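Asker: Kindly generate the complete structure, drawing on both the sequences and the hints.
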Amino acid sequence: MPEKTEKLLMKGNEAMAEGALRAGCAAYFCYPITPQSEIPAYMAKHMLERHLVFLQAESETAAISMVYGAAATGARVMTSSSSPGMSLKQEGISYLCGADLPCVLVNVARSGPGLGGISPAQGDYFQSTRGGGHGDYYHIVLAPKDVQECADFTFEAFDLADKWRMPVMVLADGLIGQMMEGVVLPEPKDLSTLLPKPWAVGQQGRTARAFNHVSSMSLVPAELEAAINARFARYDLVRKTETRVTLSNCEKAELVMIGYGSSSRVAWGAIQLAKAQGIEIGLLRPRGLWPFPYDEITELAEQGKKFLCVEMSMGQMIEDVLLAVGARSARSKESSVHFVGRCGGNIPSEEEVFAKAKEILAGRSEPWRLDGRLRSDGSARGAGR
Amino acid sequence: MTEKTFMAGFGGQGIISMGQTWVYAAMKEGLEVTFFPFYGAEKRGGIARASVIVSNDEIASPLVTQAHSVVVMSADSLVIGEEVAAPDALLLLNSDLVKAGHERADLRVIRIPCNSIATKIGDLRIANMVMMGALAEATGALELAHLEAVLKSYFPKSKHGLIPMNIAAVEAGREAVRKA
Amino acid sequence: MEATYKHPKSLVSLQTKYCPGCGHGVIHRLITEVIDELGLQGNSIILNPVGCSIWADLYFATDSVQAPHGRTPAAATGVKRMLRDHLVVCYQGDGDLAAIGTAEAVHAANRGEKFTTIFVNNAIYGMTGGQMAPTTLIGQKAATAPEGRDPLEAGMGYPIKVLEMLATLEGTRYLARGSVDSPVNVRKTKQYIKKAFEAQMRGLGFTMVEILSPCPTNWGMKPVEAVEWLKDSMMPVFPLGEIKNQLEAVK
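Protein chains in written order, with the numbering used here: chain R, 1 to 385; chain V, 1001 to 1180; chain S, 2001 to 2251.
Treat each hint with caution, since some may be false.
Subject to a maximum C-alpha distance of 30 Å in a straight line, what follows is the list of computed DSSO-like cross-link-like pairs (lysine-lysine) [claimed, not checked]:
#1 K45(R) x K1120(V)
#2 K2141(S) x K2009(S)
#3 K197(R) x K2009(S)
#4 K45(R) x K189(R)
#5 K2244(S) x K2017(S)
#6 K2222(S) x K2161(S)
#7 K45(R) x K1159(V)
#8 K358(R) x K275(R)
#9 K1179(V) x K1120(V)
#10 K7(R) x K1152(V)
#11 K2141(S) x K2017(S)
#12 K2017(S) x K2231(S)
#13 K1152(V) x K1179(V)
#14 K275(R) x K45(R)
#15 K2222(S) x K2006(S)
#16 K1152(V) x K45(R)
#17 K1157(V) x K7(R)
#18 K1159(V) x K7(R)
#19 K2006(S) x K2141(S)
#20 K2244(S) x K2161(S)
#21 K2141(S) x K2194(S)
The calculated label-pair distances, taken between Cβ atoms and stated as ranges, are [stated by the list, open to error]:
#22 M2165(S) x S1158(V): 41 to 47 Å
#23 L2169(S) x K1152(V): 56 to 62 Å
#24 T34(R) x E2037(S): 34 to 40 Å
#25 E1175(V) x T246(R): 44 to 50 Å
#26 E2248(S) x K1152(V): 51 to 57 Å
#27 N2245(S) x A44(R): 30 to 36 Å
#28 T34(R) x P2151(S): 21 to 27 Å
If you're looking for bench data, these hints aren't it; they were derived computationally from the structure.
Keep in mind it's a predicted model, so treat the numbers as computed, not measured.
For glycine and all other residues, C-beta sits at the position ideal for the given N, C-alpha and C.
Answerer: Spelled out as structure tokens, the structure:
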């Protein structure tokens, strides 16, 4: 293991893997898929030599159920995949949430739908933040923007998962996973400080506790409803304490860009282009996508700020922004929400985002409409070409 | 100082290792860096490109769309290279493979016969290091002062014997720019 | 006088939800008797599948983990890899194991996962209401094969002989098929289970005991008729005995 204070050049994928190992990840189950292949390779190399559990499963559905079994024993456990594989894992994620099991999920997203392409995309926002499987549930979603955050967020994800007894997803994309940057790795977790897990199976005979049954099943509607209500009470606490957002340069700005992960980097680049021309634009970057920073956006909307959502999708996060602005703010009429994005594995350029910002500031951009796929001038939405 | 470089060629030309070595060297010089590779799904002979940024400031988008410097290692890559180049950017061409003339008049073009120089030094595969030396000399972005240390940490031990040849290639690339 | 009947410690004293004549109750009892005999109660984990035996966690006085349909061997893999010194029992029906979870079963067997699968084969989907299972016999009627399973014309395939299929895999060490149709077969089945559990605790490799079990409700028979049908119709297709035993070879 490299020294802790040394700055290393790493790929985002490798940084997530090393972050997990330093958090005490004891088991990792996977199935190969591009563009996250460095994670299983890294884990195989470093886990097998340390006699930790590394297993390449027969499928994504099997891998996530292996995670479920290992999590039931109280172990720190992780799986990683990319978009099509995450779709397959949704079955197990629903069960993990239904059984209140902690684990870490990494999605190095690529473009869909279907097989789509292998280039970076943010088209999995809905799936990640709305409980992508069946039933009523959420889980925490963290969104790193660089290689440093890949290491830090994955490391922290294990603590959050244990604390809240839920899966925590690190939602990256092919750009973040594949790019190399300097990173200072977190110090390895002191495993003696981990939270006790009295609900886990195993060692019953040594403790004389009651038998533990890990299950998501409850065939009595009243009982199931009570269990879900209790879970949602916990979700409310998570919303109160785990909302993560960074605001930059918002005070002087009439326009605030909103973007996460790779898109926030592009937005920040566009903001620098604006600054060079004497235009101040703000950036609101959600570092976590569930819970989402509604209140912070509502507050800016009440100040009458305009918003430009920058996404590598046809517009998904923007629906949460609209919830924050439209439904929640009395003074939202002065505010408006605009969109610029690319899909299909394309990344918006700083220049095209800046161009869109200038349109908004000149009053030449039409706000986003949830009710129509086309703008009134008949052109496709966003800046897609 | 922010130097955004776009590197392009075909798989096997060492585009990826050129970019990685470049940012690794930059990191050792205390700069912020990003390196983002792009290659085709083919495992051999497809396109190979890299967005490479070194800066003494926080780096925004890792994707280079307005390059200060463009490295074109193969004929096929010239079109994309010219597309990505910012106005008045530097265009470094591997003149052994890029015979065609470029389109844009605003670009500052330097032609380096990377393949010939590399072959003369002893191995065609170090043509990428010749180009990296040229890039350092022409941009002034990196000193490449710690090159030996950088290459030592970048290459596995079994390949440390090749380091002197790589350093010679970088020096030859610098020299070629000085003469150009 | 010596006691001839004792309720197993590992079996909860509770009337089961299973139908009259169902084999699950007897099979639960055999498993718990063996757990008691091996002294593994506080050291055992049952994985209960989707199907009628999803209720198994009510009856086993052990820790348990309920897995998604067919993923039971994958979840058992996760449990056993973390708790190597525990007895891990992967309880599955024919739909769970040989239809939706075929990949998980085959690959767990092939990896030589060191847990024991108890495979309850009653040739029908029980809980969902008598649909055709992968082990339904040719000509056997089911809710989704009203004229009987027809492998050719209707393209319904043939009954899968799971143990014979798994026997070709190098990771499997002990594969035996028992039945709960008669006292003598119940006793033999218990011996198979015991051998499998002992092999698991010695870390020898993948072990599975398939158990032919009656489902009078979905077969549309009285319990006694069901037992006769199991003997006359199922046994010729699914012969009893140790299909593969390499326990001596790998000692």
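Asker: With reference to the structure, classify each hint as holding or not holding.
Answerer: For each hint, the structure was consulted:
no.	hint	in the structure
1	K45(R) x K1120(V)	39 Å, violated
2	K2141(S) x K2009(S)	39 Å, violated
3	K197(R) x K2009(S)	26 Å, holds
4	K45(R) x K189(R)	20 Å, holds
5	K2244(S) x K2017(S)	34 Å, violated
6	K2222(S) x K2161(S)	26 Å, holds
7	K45(R) x K1159(V)	21 Å, holds
8	K358(R) x K275(R)	12 Å, holds
9	K1179(V) x K1120(V)	17 Å, holds
10	K7(R) x K1152(V)	16 Å, holds
11	K2141(S) x K2017(S)	25 Å, holds
12	K2017(S) x K2231(S)	25 Å, holds
13	K1152(V) x K1179(V)	29 Å, holds
14	K275(R) x K45(R)	46 Å, violated
15	K2222(S) x K2006(S)	29 Å, holds
16	K1152(V) x K45(R)	22 Å, holds
17	K1157(V) x K7(R)	21 Å, holds
18	K1159(V) x K7(R)	23 Å, holds
19	K2006(S) x K2141(S)	39 Å, violated
20	K2244(S) x K2161(S)	13 Å, holds
21	K2141(S) x K2194(S)	34 Å, violated
22	M2165(S) x S1158(V): 41 to 47 Å	46 Å, holds
23	L2169(S) x K1152(V): 56 to 62 Å	47 Å, violated
24	T34(R) x E2037(S): 34 to 40 Å	51 Å, violated
25	E1175(V) x T246(R): 44 to 50 Å	46 Å, holds
26	E2248(S) x K1152(V): 51 to 57 Å	55 Å, holds
27	N2245(S) x A44(R): 30 to 36 Å	34 Å, holds
28	T34(R) x P2151(S): 21 to 27 Å	40 Å, violated
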